[in-house]
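With the sequences and hints as input, model every part of the structure.
Residue numbers (my numbering), protein chains in the order written: chain E, 78 to 419; chain C, 11 to 550.
Calculated directly from the structure, the hints in this document are not laboratory data.
Do not take every clue at face value.
Stated by the list, open to error - Below 20 Å or equal to it, Euclidean Cα-Cα: the simulated SDA-like pairs (lysine to any residue) are:
hint : chain 1 : residue 1 : chain 2 : residue 2
1    : E       : K86       : C       : G375
2    : C       : K181      : C       : V126
3    : E       : K86       : C       : E542
4    : E       : K86       : C       : Y377
5    : C       : K284      : C       : P315
6    : C       : K42       : E       : G218
7    : C       : K41       : E       : D156
8    : C       : K42       : E       : D222
9    : E       : K86       : E       : A404
10   : C       : K41       : E       : T223
11   : E       : K86       : C       : T376
12   : C       : K41       : E       : G218
13   : C       : K41       : C       : A531
14   : C       : K42       : C       : T376
15   : E       : K145      : E       : D156
16   : C       : K96       : C       : A158
Stated by the list, open to error - Derived list of chain E stretches under chain C, where covered just means 3 residues or more per stretch with a C-beta under 8 Å from a C-beta of chain C:
hint : segment
17   : 99-111
18   : 240-246
19   : 249-262
20   : 313-327
21   : 349-360
22   : 367-381
23   : 393-400
All C-beta atoms, glycine included, are put in the ideal place defined by N, C-alpha and C.
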Amino acid sequence: MGAGTFIAKTGVRLLGTYVVVLMIYFIVVRVLPVVAAGGNMAADPLLAALRRTAEDPRFSLWIGETIKRFGLDRPLVPDQLLMYLRNVLVFDFGISVYTQKPVLDEIAIRLPYTLSFYTITTIVPIVIGFYLGITAAKNRGKPLDTAIVQASIFTNMLPGWLTLLIVYYVLAYLPRVTWGYYIFPLPVRAPEIGIRDWEQFRYLLWYMSPMLLAALIAWSGGWIYYIRQLVVSEMGQDYVTTALAKGLDERSTLRKHVIPNVRPPIVISLAYTIPGIFGGAIIFEIISNWPGIAYFAYQALLNWDFPVMSAFFTISAALTVTSLFIAEIVLVAIDPRVRTGG
Amino acid sequence: MARAASTARVRSGVTLGLTRLAEIAVLVFRKKTAVVGISLILILAVLGGLAPILTPYSPVMREVVAADFAVPEWAASPEIARNIVKVFDTFKVENRVIQGNVEVNVLRTSGGFEVVFEGSGYASLLIVTEDYLEYPYKPARSMDVRIAFNTTYLEGRSEAWYNVDTVIINKDLVERGEKRALRVTLPDGRVTEFEVPRGIYSLYDVVTTRVGWIYDYFKGALRVSAPAVLPNPMRNMLQPYILSIKDPVIRDRVSQAFGEVNAARELLLERGTKIYLAVNVTYYCDPMNFMMRCENGGLRVSYAPIRLFIKGEAFGVLGTTAYGNDVWTQFIYGARSAVVLGLAVATVTTLVALVFGLVAGYRAGTYTDHSITLLTDIIYFIPVIPLVMVVGLVFGRTLWNIYAVLIATAWPGGARIIRQWTMTLRSSLYVESAKALGASEWRIMIKHIAPQLVPYLVYRIVMAVPGVVFFEAGIQLLGFGDPEAPTWGRMINEAYYQGAFLMNAWWWIIPPIAGLIMLAAGFVLFGMALDEIVNPRLRR
Numbered sequence: 078m079g080a081g082t083f084i085a086k087t088g089v090r091l092l093g094t095y096v097v098v099l100m101i102y103f104i105v106v107r108v109l110p111v112v113a114a115g116g117n118m119a120a121d122p123l124l125a126a127l128r129r130t131a132e133d134p135r136f137s138l139w140i141g142e143t144i145k146r147f148g149l150d151r152p153l154v155p156d157q158l159l160m161y162l163r164n165v166l167v168f169d170f171g172i173s174v175y176t177q178k179p180v181l182d183e184i185a186i187r188l189p190y191t192l193s194f195y196t197i198t199t200i201v202p203i204v205i206g207f208y209l210g211i212t213a214a215k216n217r218g219k220p221l222d223t224a225i226v227q228a229s230i231f232t233n234m235l236p237g238w239l240t241l242l243i244v245y246y247v248l249a250y251l252p253r254v255t256w257g258y259y260i261f262p263l264p265v266r267a268p269e270i271g272i273r274d275w276e277q278f279r280y281l282l283w284y285m286s287p288m289l290l291a292a293l294i295a296w297s298g299g300w301i302y303y304i305r306q307l308v309v310s311e312m313g314q315d316y317v318t319t320a321l322a323k324g325l326d327e328r329s330t331l332r333k334h335v336i337p338n339v340r341p342p343i344v345i346s347l348a349y350t351i352p353g354i355f356g357g358a359i360i361f362e363i364i365s366n367w368p369g370i371a372y373f374a375y376q377a378l379l380n381w382d383f384p385v386m387s388a389f390f391t392i393s394a395a396l397t398v399t400s401l402f403i404a405e406i407v408l409v410a411i412d413p414r415v416r417t418g419g
Numbered sequence: 011m012a013r014a015a016s017t018a019r020v021r022s023g024v025t026l027g028l029t030r031l032a033e034i035a036v037l038v039f040r041k042k043t044a045v046v047g048i049s050l051i052l053i054l055a056v057l058g059g060l061a062p063i064l065t066p067y068s069p070v071m072r073e074v075v076a077a078d079f080a081v082p083e084w085a086a087s088p089e090i091a092r093n094i095v096k097v098f099d100t101f102k103v104e105n106r107v108i109q110g111n112v113e114v115n116v117l118r119t120s121g122g123f124e125v126v127f128e129g130s131g132y133a134s135l136l137i138v139t140e141d142y143l144e145y146p147y148k149p150a151r152s153m154d155v156r157i158a159f160n161t162t163y164l165e166g167r168s169e170a171w172y173n174v175d176t177v178i179i180n181k182d183l184v185e186r187g188e189k190r191a192l193r194v195t196l197p198d199g200r201v202t203e204f205e206v207p208r209g210i211y212s213l214y215d216v217v218t219t220r221v222g223w224i225y226d227y228f229k230g231a232l233r234v235s236a237p238a239v240l241p242n243p244m245r246n247m248l249q250p251y252i253l254s255i256k257d258p259v260i261r262d263r264v265s266q267a268f269g270e271v272n273a274a275r276e277l278l279l280e281r282g283t284k285i286y287l288a289v290n291v292t293y294y295c296d297p298m299n300f301m302m303r304c305e306n307g308g309l310r311v312s313y314a315p316i317r318l319f320i321k322g323e324a325f326g327v328l329g330t331t332a333y334g335n336d337v338w339t340q341f342i343y344g345a346r347s348a349v350v351l352g353l354a355v356a357t358v359t360t361l362v363a364l365v366f367g368l369v370a371g372y373r374a375g376t377y378t379d380h381s382i383t384l385l386t387d388i389i390y391f392i393p394v395i396p397l398v399m400v401v402g403l404v405f406g407r408t409l410w411n412i413y414a415v416l417i418a419t420a421w422p423g424g425a426r427i428i429r430q431w432t433m434t435l436r437s438s439l440y441v442e443s444a445k446a447l448g449a450s451e452w453r454i455m456i457k458h459i460a461p462q463l464v465p466y467l468v469y470r471i472v473m474a475v476p477g478v479v480f481f482e483a484g485i486q487l488l489g490f491g492d493p494e495a496p497t498w499g500r501m502i503n504e505a506y507y508q509g510a511f512l513m514n515a516w517w518w519i520i521p522p523i524a525g526l527i528m529l530a531a532g533f534v535l536f537g538m539a540l541d542e543i544v545n546p547r548l549r550r
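The structure is reproduced here in structure tokens:
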């Protein structure tokens with residue numbers, strides 16, 4: 078099996094799964110409430126939300142347009158389902174029921190906030206994990222190793238939001254309440270969307286810092302422990318003994334022999350961690366009032382703004398699929414064993 | 011013959027699993043970390059199990075047990091106000107004014123009193139409590155007075171007008187005759203000042219039983235000089251004064267000025283202040299009044315004991331929440347639900363994983379296996395948190411819905427690993443022989459393969475418990491949790507959104523967080539010890 082065939086097969090499989098996942102969301106959100114109400118179309122939460130909006134005379138015209146556009150007067154299955162799938166697959170989410178603006182525009186202005194937070198909290202923990210994990214592995218059995226391993230197990234045990242709460246309590250609220258001094262800002266006055274001057278940007282960074290700190294504490298532990306275990310088990314292999322016996326020093330043995338072998342499992346588990354980080358980041362954004370897309374989606378959910386909800390769901394599912402797909406391609410590139418199907 | 015052999019095999023399969031489990035148990039108890047983990051879990055389990063004994067309150071009914079944000083009792087100095095419950099059940103008549111032809115009878119009932127009026131004319135009785143409460147602490151912020159009385163017209167008599175007015179009095183202030191000057195700034199800049207006596211507050215009420223709030227009372231409540239014509243049945247003593255102000259703006263300002271006085275603070279002015287209550291019962295029956303049409307009226311007023319509850323600023327083991335609910339109760343019931351629900355949901359998830367993993371592994375390579383793999387892929391791609399929020403909105407924010415979503419989305423990870431194990435075990439000798447003896451597929455899976463997986467399943471359950479509890483707590487923090495579930499998640503949610511952080515209510519913030527950490531540490535330590543035993547490759 079060649080690399081091309083492998084990638085094509087994987088792509089088709091992932092795409093199929095992706096479509097099914099999107100269908101499931103539609104069924105849970107739109108079809109099941111109607112089924113639960115005994116086939117009464119009025120139980121459709123989207124229609125109910127639109128009716129609420131239509132009470133405002135400014136929007137009553139627009140509602141008719143939306144109903145037509147979403148085909149809300151047609152049967153849910155299969156007409157609306159197919160229409161939904163077609164729109165969602167090309168990322169055409171329509172207009173937000175609540176803010177009355179195109180969903181993609183709304184998401185686009187919030188995307189930098191989410192992306193900056195995600196990329197930092199995805200990459201930095203791996204870097205920390207890589208260095209601390211290898212340090213621990215080099216010193217295995219020594220007190221440094223034990224300390225690193227225990228700390229990483231402890232922080233990994235706690236979910237990110239709990240770490241965030243602790244960080245907020247200890248470093249933001251406690252100094253503020255006891256000494257009247259701000260180390261970190263309280264998660265109350267969120268930065269505005271759109272940076273205009275340096276002052277705003279500084280506030281943004283300051284506001285983000287407790288979130289970042291908590292995320293790094295929470296998500297580095299897993300990597301440190303995982304990479305240390307990988308390296309330790311790799312270092313027990315015969316080829317390492319051989320390399321060392323050849324007279325290669327430990328440093329170059331690690332760099333030339335161990336780390337290349339450790340890379341594929343790290344890439345695959347990175348792909349598997351991304352959705353988890355995304356899920357954790359939703360809670361982060363909501364606790365901190367961070368003006369990213371998850372907070373936007375959260376507000377949309379409270380208003381039953383289906384276009385935004387489906388956009389957020391689609392984006393999270395697409396993120397998972399894409400990361401897994403890229404991971405498989407990269408795996409093929411760096412680990413030829415995968416291609417042979419063995 | 012074949013049957014006998016196969017039962018023997020079955021026994022050996024099950025006993026094999028059990029002996030392995032016993033072996034593991036012995037090994038586990040040799041490990042220090044495992045013992046620490048198990049004891050952490052046991053502490054929480056015992057706390058949760060004894061919850062109904064350890065606390066008289068309920069975690070779901072929001073009983074107000076003390077003032078809001080009350081400090082734990084052990085952390086407060088002895089001067090800080092504690093809960094005081096005083097039941098006033100002895101009364102004496104201090105003053106009686108009778109005009110006209112009214113016959114008044116005062117009777118003692120159990121704990122309360124009863125007044126019977128008969129005839130026409132005017133009568134006013136001032137009945138005070140015989141004992142008083144000497145307040146021993148620093149001033150408290152709030153109090154709660156519970157009064158209950160019942161008025162009935164006597165049989166065959168016409169209906170008189172009456173009023174029953176309960177007044178709470180600070181003895182020292184009244185004896186000293188202190189007045190409070192109220193300054194009211196009018197919109198045009200003028201300042202009006204007026205004086206009201208301090209330490210007398212009327213409990214504004216309607217006739218039936220209910221909690222009394224404290225309102226200012228200053229219009230000479232204890233002194234009735236003229237027959238008052240009272241609307242039936244009650245009125246707020248503030249009302250006539252405020253309504254007598256013609257200018258609506260000044261009227262607003264004056265009533266606002268009264269609203270800003272904390273009556274409880276003034277009543278509980280200092281240590282050693284004495285508090286008592288007075289009940290003013292007024293009866294008016296005038297045959298000459300054509301509106302009243304009262305001829306020879308009759309009225310019975312029965313008054314129950316008065317319960318005075320001064321809400322402590324220090325309470326119990328762990329203080330109170332922003333609503334005045336007991337934190338300790340919520341904490342130990344939270345431990346109960348965390349251990350019980352955590353274990354239950356983790357077990358169910360693992361069993362679902364077992365069923366799918368067994369079937370997929372035993373029929374590896376078949377259509378069934380492929381469809382299960384596809385299913386696990388699909389579930390893996392579903393973003394769980396958005397899904398759980400939507401399910402909460404559509405089908406209700408209950409624990410069952412949250413856990414249903416969790417179970418439905420959490421099993422694939424375990425199923426994948428169980429599938430691998432099953433594939434290996436499938437080709438083992440005893441499975442082959444059971445097959446040869448004609449055992450059915452399900453029989454082999456359940457009686458021969460599953461027992462071999464028991465150690466792994468136990469490990470899996472133990473490691474899954476913290477995730478279950480954290481998941482629920484995280485959903486609670488998002489505001490999509492069950493608002494009535496007695497869980498640590500709800501505590502954290504309320505503490506975070508009801509100002510515990512700003513008030514630095516550490517007694518409310520730390521317990522649920524510490525509980526979660528303890529639980530997670532317990533199960534992780536136990537699970538890691540199990541892991542080292544179950545997966546020998548990690549043994550050092």
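Report the numbers of all earlier hints that the structure fails to satisfy, in ascending order.
2, 3, 7, 14 and 20
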